[in-house]
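Novice: Residues per chain are reported as follows:
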Amino acid sequence: MLASIATFALTGVDSREVTVEVDVRRGLPAFTVVGLPDAGVREARERVRAALLNSNLEFPLQRITANLAPASLRKAGTGFDLALAVGVLVASGQVPASQPDRTAVSGELSLGGALRPVRGALACALGARAAGYERLVVAVENAEEAALAEGLQVLPVPSLTRLVELLRGRWRPDQPPRTPETRARCSPAPDLADVRGQQDAKRALEIAAAGGHNLLMVGPPGAGKTMTARRLPGILPPPSFDEALEITRIRGAAGLGDGRLALERPFRAPHHTTSPQGLVGGGSVPRPGEITLAHRGVLFLDEIAEFSRAALEALRQPLEDGVVEITRGQRSLALPARAMLVAACNPCPCAHGAGDCRCNELDRLRYARRLSGPLLDRIDLICDVQPPPAAELVARAATAERSAAVRDRVVAARERQARRLAGDDALCNGHMDGRATRRHAVLGTRGTERLLSSVEAGTLTGRGHDRVLRLARTIADLAARERIVAGDVEEALGYRLVSPVEMAA
Amino acid sequence: MTGACDSCLRRGYLVGELAARIAAMLDRPGKRVGALLSLPEDELVEAVSAGVADAPLSRYDSGQARSEMAERGVRALCRHDGRYPGQLLQLLDPPAVLFVSGYGDLDLLAHDSSVALVGTRRPSPYGREVAQGLGRGLAAAGVPVVSGLALGIDAEGHRGCLAADGRAVAVLACGPDVPYPRTNRRLYERVRERGLVVSELPPGQRPYRWSFPARNRIMAGLARITVVVEAADPSGSLITTQFATQLGRGVGAVPGQVTSRVAAGTNNLLKDGAALVTGPQDLLDELFGSESAEGRAARVQAAAGAIDDPVQLRLLEAVEASLGIDGICAHAGVPVREARAGLSRLERSGHVRRDPLGGYRRTAAPC
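Protein chains in written order, with the working numbering: chain U, 1 to 505; chain C, 1001 to 1367.
FYI, nobody ran anything at the bench for these hints, they're computed from the structure.
Some hints could be false.
[What the hints assert, rightly or not] Here are some of the chain U residues that sit facing chain C, going by a computed Cβ distance under 10 Å:
1) Gly197
2) Lys202
3) Val218
4) Gly222
5) Cys345
6) Leu365
7) Pro389
8) Ser453
9) Glu490
10) Glu491
Please read these numbers as outputs of a predicted model, since none were measured by experiment.
We put the CB at the ideal spot given by N, CA and C, even for glycine.
With the sequences and hints as input, model every part of the structure.
Specialist: Listed below in structure tokens is the structure:
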């Protein structure tokens, strides 16, 4: 007898429908799995056999052939266990052939017959919904995450025994909790008010958040660069439901999620020894990299000068396009990668900065050169992070502004931009190309004069010009002004990045 | 024949030929060439390569040397040419011939009021700024700036000079067609475009340890005043000032922080009576006579008068104290956005400068 069960395989951060066909007929007892299974999938045979027997079900002593279709797709992982087991049950007539109807299944089996969670439950659920399935059977631990896909009935099942009861119509599982309850439970994000001093960094962070500009923080070790950068997700506009779903799906697919809806944007801070594959994704079974994990959030590269050139080079295209295309073997994969970049570095190799620096010129030049290049072209503003004076540390934190207040201004500025950029590709000022910049960042005569005199004084290059315009546009948006005034241009000039290459000449 | 006569050119190539052997004799720390370079040819050969069989320059051919020089764009100038810098002849061992590369005018070398700027290869940001300011100020007043193209102070002095479209002279410890150190090769090209690169070693020679102090004597010999911006003690820059003192030329030093390692040499020079240099004007006074009190007052006023806004002045003070941006805000008593805007106004007016990584520095006072 032949059975055909639907399940979903994780590809990157999406899922793809896989039909598990099981054929049971007379012959020498054997269990073969075909359809490009990897070692993990072939091991499923042992788990399925033991799980069935330990659940007081019958494992047919017949010739069993399972095919994972499409046969051309490489299958990896343990998520096919449940589909194989159900296939055997249906094909051997232990559950009615009419079941499961318009239902997909996903889960790993223990030898005792319990259902174990798998990575990427939300991706799987979204795939099932898109493919027109009405129900999805998952392990109890995966239920909450899978239930985020609205319009799909998620059936949390603890074990194979329960599943058989469900298929025989003798048991109904409880509905997993829905989104609103999930939303209520969450720990607060770190607040900007906890950061003492750092007026410059806070202002730069606000501008960066408001315009989606990439930011470089410069300061000695221990000055609070990471601490400050960690507050950026808290002042970015809260993710919309669709964005939150996207974030949750990616986290789940990487096995990082707690199964709940993400309420804050991600903040990823990979160590500087991370390989290019680690940053952009890759591997023989391609897995999402840090830039994808930071999608819709913040990618923080501390000690950016210590990252390998290849790694930084690899980040360039994703930062520009918002998507990573990786090709491995026969197929290619597109992973989402729209993240804000915050980089941090020391003022010079000895890290002491202007006052008591011990570096010689050659070291400084080398350091600056290592920083320069493709990635720095994507950075719009630079800020100064100094250890706050002692007085600041002991003072009461009465005056510091809270993240929520900053976020309100950022949201308002983003709304202004969204209205203005409705006809363009860009979502925010930081994404404007040269043409959009010139159309939307129009200066008054005094602003133009300031900018021109900077170009003439040799302190601003042509390439820097557009960046300053974009920044000035954002600064005006933050002040809720449509017109860019001379002061905006001057502040933007103050925050602009001077390419070390230009300086080294 | 202008440039170099055959015998002088032969002598120049002989020094080049013997350079490696001189190095074998002398290349230990603390050893100097001494009077070696003043010896006549046979004694020099004898002193350097006694017992070595093959006679140096056995394959030397002046025609070939000249065509090689022409190929590499190198000119030679011997002491029999009117354009040879006369002030060099006061040295005990003046180079017989100077090999010159670059498009500047050869008369530049004989200029009677050039200034040598020397100093450490590892300057502080302050030293860098001052060296560049001196180079700029001197160049703006038409004074040629002589230096050694080394990293640090030398390079900044050249940069300042070139920034003011001045005439730069770089004296090298290797052949004039060899951009050494390699890091400064772009600077080397820029010096060649507007000025001269000079050496006593023939084209193609690499530098030796002994040729650096030998180069320093040429710098001291060319300049009327030798100024040290930052130097540890002991240092190569102090060797240059010793030569200058022996020649009876002026020696100046820029004062530094007493706690700074690279100020020890300069501060000691000041103790020993070197002229205190706080800006290009001090050197111009020394070269061309004192500026009148009114003139100085007017100049100071002009420099400060560009800023009449009290907030701008406080920002400038804060930058001088090398505070971070937050410190600058606190000092000037303004919110950070106004501080950033104010700083970019100061940058535009040339009072402060941005570091590659965003810090602000006070520029040296405009001349």
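Novice: Starting from the hint list further up, note which numbers the structure goes against and sort them upward.
Specialist: 4
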